[in-house]
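Residue numbers (my numbering), protein chains in the order written: chain L, 3 to 221; chain F, 3 to 221.
None of these hints come from the bench; they were simulated from the model. Being a predicted model, the structure only gives us computed values, none of them experimental. It is possible that part of the hints are untrue.
The list cannot tell twin chains apart, which means a pair is met if one copy fits it or any two copies do.
[What the hints assert, rightly or not] Below are the EDC-like pairs computed for lysine to aspartate or glutamate, each with C-alpha atoms no more than 20 angstroms apart in a straight line: (1) 116 with 12; (2) 162 with 111; (3) 129 with 78; (4) 41 with 51; (5) 129 with 10; (6) 116 with 197; (7) 15 with 154; (8) 152 with 4; (9) 116 with 67; (10) 116 with 93; (11) 20 with 155; (12) 162 with 93; (13) 163 with 104; (14) 87 with 154; (15) 163 with 93; (16) 129 with 12; (17) 116 with 62; (18) 87 with 62; (19) 87 with 204; (20) 20 with 158; (21) 87 with 67; (22) 15 with 111; (23) 20 with 42; (24) 162 with 120; (25) 87 with 63; (26) 87 with 58.
The lines below spell out each chain.
2 protein chains.
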Amino acid sequence: MERHFVQELDTLKTNLIKMGSLAEQAIADSIQAFLERRKDLAEEVVSHDQEINSFEILIDDQVVDLLALQQPVATDLRFILAATKINSALERIGDHAVNIAESAIQCTDLRGAKPTLDIAEMARITKEMLRQAIDGFIHNDAAIGRRVLKNDDVIDELNKKVVHNLAEAMHRSPDRIEQALEFIRVSRNLERVADLATNIAEEVIFMAEARVVKHHAAE
Amino acid sequence: MERHFVQELDTLKTNLIKMGSLAEQAIADSIQAFLERRKDLAEEVVSHDQEINSFEILIDDQVVDLLALQQPVATDLRFILAATKINSALERIGDHAVNIAESAIQCTDLRGAKPTLDIAEMARITKEMLRQAIDGFIHNDAAIGRRVLKNDDVIDELNKKVVHNLAEAMHRSPDRIEQALEFIRVSRNLERVADLATNIAEEVIFMAEARVVKHHAAE
Chain L
3 MERHFVQELD TLKTNLIKMG SLAEQAIADS IQAFLERRKD LAEEVVSHDQ EINSFEILID
63 DQVVDLLALQ QPVATDLRFI LAATKINSAL ERIGDHAVNI AESAIQCTDL RGAKPTLDIA
123 EMARITKEML RQAIDGFIHN DAAIGRRVLK NDDVIDELNK KVVHNLAEAM HRSPDRIEQA
183 LEFIRVSRNL ERVADLATNI AEEVIFMAEA RVVKHHAAE
Chain F
3 MERHFVQELD TLKTNLIKMG SLAEQAIADS IQAFLERRKD LAEEVVSHDQ EINSFEILID
63 DQVVDLLALQ QPVATDLRFI LAATKINSAL ERIGDHAVNI AESAIQCTDL RGAKPTLDIA
123 EMARITKEML RQAIDGFIHN DAAIGRRVLK NDDVIDELNK KVVHNLAEAM HRSPDRIEQA
183 LEFIRVSRNL ERVADLATNI AEEVIFMAEA RVVKHHAAE
């Protein structure tokens with residue numbers, strides 16, 4: 003029974019890692035589609051979202067089974083609760099990738115300027131935050147988690163700057179209003195992804211520090 | 003022990019109901035502040051968000067304790083898992099109320115038109131969805147939950163219409179671009195609140211139908 007339980011926890015972790023890598027890929031692809039105006043890639047992101055949604059349901063079911071049949075306590079319980087929160091954060095990140103991909107598709111149909119360097123910079127930092135949050139989860143490492151938290155304010159500031167600059171661009175070139183609105187939508191979606199990466203990192207810290215506490219207590 | 007457990011479940015439910023009523027009030031106030039240009043009310047929403055955040059932590063702690071000490075199964079376990087999801091949905095709704103309140107504050111500083119009737123209509127439906135979702139939770143009623151789901155598409159359509167109309171308004175009156183951007187931000191935040199009310203309703207259905215299944219099984 004005990005060995006079975008350890009295997010179930012491993013399966014749960016593996017599924018979350020797979021889901022995390024799908025979410026990371028969806029964000030990377032949607033951003034690439036947006037920056038390089040690649041409609042084909044954007045459409046791929048939209049059609050692949052179902053896979054991420056299926057993982058959410060699978061993981062939710064696993065959590066119910068684990069809690070009901072194994073009645074875990076302490077560290078294992080914390081891990082499972084963190085898993086449910088990370089699960090719903092990853093599902094939402096998939097949704098934001100779809101939103102960015104939809105804007106990418108809209109933008110290929112609109113004439114207009116290239117996305118600003120600020121959005122490219124936001125995208126770079128957001129992808130890095132998400133990668134680190136998932137890495138922190140895989141290695142159960144609070145220090146990696148803390149690195150994610152530092153960047154949340156940077157993204158908030160960049161988003162404000164992007165919105166402000168695009169509002170000015172609209173004044174200068176009213177014919178680009180529709181396009182600027184899509185750019186703002188992408189910027190706000192990136193900000194939300196950074197928030198969700200931050201939420202994941204917070205769960206990683208909660209999980210990892212509880213383990214540290216437990217280790218100290220056992221000494 | 004059994005009686006103690008029932009009391010703990012009741013406390014968890016009561017706390018969620020209190021938190022739900024705070025979130026509902028925050029949305030109602032932020033919308034009123036936006037529609038009636040009341041900076042004072044908007045500032046109240048921003049300063050009250052801490053209360054909702056405190057409930058989130060309190061409820062999370064209660065869930066950990068309940069799972070660790072009582073090791074619930076079946077209906078009770080489903081209720082507790084639904085509670086964690088409703089908890090994080092309500093916390094996010096509080097954040098969206100703050101976003102709407104911030105836009106309300108920005109708008110009182112900007113000259114410009116009154117919010118469109120479409121945003122007022124979105125606000126009305128979104129508040130109704132949230133109220134019904136919380137009602138469904140209180141009465142453990144899947145039928146009320148289902149009523150919420152029907153409105154999600156209505157809100158998505160209204161949001162698209164609002165964004166489209168505001169883009170046209172920007173072309174006609176470039177001096178109102180900043181204001182129109184705030185209106186769009188409010189519209190998108192309302193859309194997210196409607197999504198979250200939908201998530202809560204889905205949890206209510208999951209919870210209530212499991213109970214129905216159990217009752218049938220017991221017959």
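A quick look at each hint next to the structure:
Within a single copy, residue 116 and residue 12 get their C-alpha atoms no closer than 45 angstroms, and across copies no closer than 56 angstroms, so neither meets the 20 angstroms cut-off. Only between protomers do residue 162 and residue 111 lie at most 20 angstroms apart by alpha-carbon distance; the minimum there is 17 angstroms, versus 26 angstroms within a single protomer. For the identical chains of this complex, residue 129 and residue 78 are neighbours neither inside a copy (29 angstroms) nor across copies (38 angstroms), given an alpha-carbon limit of 20 angstroms. With identical chains, the CA atoms of residue 41 and residue 51 are at most 20 angstroms apart within one copy only, with a shortest distance of 16 angstroms there and 40 angstroms across copies.
In the homo-oligomer, the alpha carbons of residue 129 and residue 10 never lie at most 20 angstroms apart, since the shortest distance is 30 angstroms inside one protomer and 41 angstroms across protomers. When the C-alpha separation of residue 116 and residue 197 is checked against a cutoff of 20 angstroms, the pair qualifies neither within a copy, at 26 angstroms, nor between copies, at 31 angstroms. Taking CA atoms no more than 20 angstroms apart as the test, residue 15 paired with residue 154 passes in neither setting, with 25 angstroms inside one copy and 33 angstroms between copies. Proximity of residue 152 to residue 4 under the C-alpha cut-off of 20 angstroms is found in neither arrangement, the shortest distances being 39 angstroms within a copy and 45 angstroms between copies.
For a Cα distance limit of 20 angstroms, the shortest separation of residue 116 from residue 67 qualifies neither inside one copy, at 49 angstroms, nor across copies, at 52 angstroms. Taking the shortest alpha-carbon separations for residue 116 and residue 93, neither the intra-copy value of 29 angstroms nor the inter-copy value of 36 angstroms comes in at or below 20 angstroms. When the C-alpha separation of residue 20 and residue 155 is checked against a cutoff of 20 angstroms, the pair qualifies neither within a copy, at 28 angstroms, nor between copies, at 31 angstroms. In this homomeric assembly, residue 162 and residue 93 never come within 20 angstroms of each other (Cα to Cα): the closest approach is 25 angstroms inside a single copy and 23 angstroms across copies.
For the identical chains of this complex, residue 163 and residue 104 are inter-copy neighbours only, at 16 angstroms across copies versus 23 angstroms inside a copy, given an alpha-carbon limit of 20 angstroms. Taking identical chains as interchangeable, the C-alpha atoms of residue 87 and residue 154 lie at most 20 angstroms apart only when both belong to the same chain, with a minimum of 19 angstroms there against 23 angstroms between chains. Within a single copy, residue 163 and residue 93 get their C-alpha atoms no closer than 28 angstroms, and across copies no closer than 27 angstroms, so neither meets the 20 angstroms cut-off. Taking CA atoms no more than 20 angstroms apart as the test, residue 129 paired with residue 12 passes in neither setting, with 26 angstroms inside one copy and 42 angstroms between copies.
Proximity of residue 116 and residue 62 under a CA criterion of 20 angstroms is satisfied in neither setting, with 41 angstroms inside one chain copy and 44 angstroms between copies. Taking the closest pair of Cα atoms, residue 87 and residue 62 come within 20 angstroms of each other both inside a single copy (10 angstroms) and across two copies (11 angstroms). In the homo-oligomer, the alpha carbons of residue 87 and residue 204 lie at most 20 angstroms apart both inside one protomer (10 angstroms) and across protomers (17 angstroms), since each shortest distance falls under that limit. When the C-alpha separation of residue 20 and residue 158 is checked against a cutoff of 20 angstroms, the pair qualifies neither within a copy, at 28 angstroms, nor between copies, at 31 angstroms.
In this assembly of identical chains, the alpha carbons of residue 87 and residue 67 lie at most 20 angstroms apart whether taken from the same copy (16 angstroms) or from different copies (17 angstroms). In this assembly of identical chains, the alpha carbons of residue 15 and residue 111 never lie at most 20 angstroms apart, being 41 angstroms within a copy and 49 angstroms across copies at closest. When the C-alpha separation of residue 20 and residue 42 is checked against a cutoff of 20 angstroms, the pair qualifies neither within a copy, at 24 angstroms, nor between copies, at 47 angstroms. Taking the shortest Cα distances, residue 162 and residue 120 sit within 20 angstroms of each other inside one copy (10 angstroms), while across copies they are farther apart (26 angstroms).
With identical chains, the CA atoms of residue 87 and residue 63 are at most 20 angstroms apart both within one copy (14 angstroms) and between copies (14 angstroms). Proximity of residue 87 and residue 58 under a CA criterion of 20 angstroms is satisfied in both settings, with 11 angstroms inside one chain copy and 13 angstroms between copies.
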